[in-house]
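Student: These are the residues of each chain, in order.
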Amino acid sequence: MKLGLAPHQIFAYTGGRPLDPGRPCAVFLHGAQQDHSVWILQSRYLAHHGFGVLALDLPGHGRSDGPVLDSIEEMGARIAQAMRQLELQRLVLIGHSMGSLIALEAARHLTERVAGVALCGTAFPMRVSEELLAATRNDPATAMEMINVWSHRASIAPFAARPGNPGPGFSIVWENLRLMQRIARVNGRHVLANDFAACNAYGGGIEAIKALPCPVLFVLGEADSMTLPKFARGLIEAAADGRVVRLPDTGHAMMAENPEGVRRALTEFAHSVTAAIAG
Amino acid sequence: MSGPKHPRFDTLTLHAGQQPDPATGARAVPIYASTSFCFEDSEHAASLFNMERAGHVYSRISNPTVAVLEERIAALEQGVGAIATASGQAALHLAIATLMDAGSHIVASRALYGGSHNLLAYTLKRFGIETTFVDPRKLDQWRSAIRPETRLLFGETLGNPGLDVLDIPSVATIGHEHGVPLLVDSTFTTPYLMRPFDHGADLVYHSATKFLGGHGVAIGGLLVDGGLFDWSASGKFDVLCAPYAGFHGMVFAEESTVAPFLLRARREGLRDFGACMSPHTAFLLLQGLETLPLRMQRHVENTRKLVAFLAEQPQVESIAYPELPSHPDRALAEKLMPRGCGAVFSFNLKGTRAAGARFVEQLVVFSHLANVGDAKSLVIHPASTTHFRVPDAELAAAGITQGTIRLSIGLEDPADLIDDLARALKAAAKADK
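Top to bottom, those sequences are chains X and R.
For the first sequence, position 222 matches number 222 in the numbering used here, and the numbering has no gaps at all.
For the second sequence, position 7 matches number 1007 in the numbering used here, and the numbering has no gaps at all.
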């Protein structure tokens, strides 16, 4: 569904059922050069297990209108503005990679509404090598292929995921690359460079997480070679109530590589933080 | 740039889609001969049925052994996923039935396998789906045949019987200009010789019975989605972009940006039409697939030697093989399939129908049967078998003469194959005396 939000429409997948504003709401935020569909199983599951769900396409990504926003701060502020416009309460903000930084930024604007924040495949600072940054600008096709390889568990994931995502018979590696290519076709070649530059430039992570009174979940893939788990340490230590789930044999594309592990971690966290508020 | 690399083709033929069996450590792909799979509890069952969690429920919809084959061919074709079917014909039907309703229209190459032609020309017509057949080499025919209700362009990478090379980049572009995807039958080429997605095709299917399996022991089909066709932007595919009452109002294009076609094909097509692949068949096809690169190299090497031999024989009137200077698609073939043009070709023998029949009967190493893509060399004489009842004028229109012989070149020693052909040619010459 398109959320009728000024100044530009934002697309949200609601998990296969209408959004119920009376329920706590899980807001899913995707990573660089991706869209809502990376959360297909986890978002659909939560939508049928007690939550309203908004799996968003970020501005300028996928089906959402408007230009891409240049910085994590702008992206976070825009998401926060959208949540206020929708008058949603009891939010659980869930972000992956770049989306995790956006979730942090959005949450700092919404402390009164946010019950918890889940950061999947996160790191701070989220540095991007000069070589890769240059590739995103000058040769995005090659950059996407490199990112795709690095996003999956190097030893095994290119061969298979168990169980498949979103089901048997799918190739998670090629799904991921084709999605990035689709975003480039539909939204423009500039999106990749924009997103990676935004991640690289973001400096507000520690400040943002210190401002959060709510619990923060870290879901880290032990085989993540894009955002190595050790690079989340600073955020974990700065969080007032940080909780960590480490997923073995899981790379950066964790929602596809380990959909069950991510689902379990998010479900338990979302229920616990919203139950605490209700209680 | 340094860093990990994606596994290469030959590695993927052995490993894609599989890890050692987590329950037993089995290195080979186990045959999961089970119709159904236990639920952890009622909540697990409900979430599997509602597509909230991934897993196997019932082997008509998915099966662990079959899934390995599906993920392997998806990796080899560089598609977002695949669905294994009971046959190549079932894969073609599944693609069409997923995308079309009564009133839909297909534009197809005229140079098709007979079974595909029958499906399009006669059977689907009964269900309100019409096909316009075009000369695959004439791009203006493709363009002018497209109607508002056209939902698919369809051709074979190498057409039948003249091995017309489908100009995939051009035909795909025409389709995309009209918001219509291109489906390609890639049976004769396999991903080893060409990946149609690299050239703009949107959907690919195989009769896995042929070169993918490679040993003539199992019937099966594989339908693969490249993941780049924009079903939403096309505006012609409500089947994928509007709520589907048959699955709780699911909008497949919202569930998955790149694979809504496969979601519906599995959730509706396998569920309702049921033309699924058995795990035993998947196992057999996987055994063949493991050696696809080695076999295809040898198939092509042997074919080139036999084509060269036949080209020198005075009894041979013509040979249709795209690597020959005489073939009208030679330049296109060099561009699209630089590794070779496969191992199936036809040649025309001078003389009568009796000479053709005699030629086939005298072959010893070649097996006389109606199949292609086996490790063993195969032969058929259409005028005395598959097209026995077809009048001469219709035969000519189909590019078949009294002396047309179709060969599928296997993996035997090429010298033995040449000896076999030489012997049969001699016998055929006597038949017309």
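I should point out that these hints are in silico values taken from the structure, not numbers from a laboratory.
It is possible that some hints are incorrect.
Result set (PhoX-like, lysine-lysine): computed pairs, CA atoms no more than 25 Å apart in a straight line [claimed, not checked]:
no. : chain 1 : residue 1 : chain 2 : residue 2
1   : R       : K1335     : R       : K1305
2   : R       : K1236     : R       : K1305
3   : R       : K1005     : R       : K1125
4   : R       : K1426     : R       : K1350
5   : X       : K230      : R       : K1005
6   : R       : K1426     : X       : K2
Student: Of the numbered hints stated previously, which ones are contradicted by the structure, given in increasing order?
Tutor: 2, 3, 6
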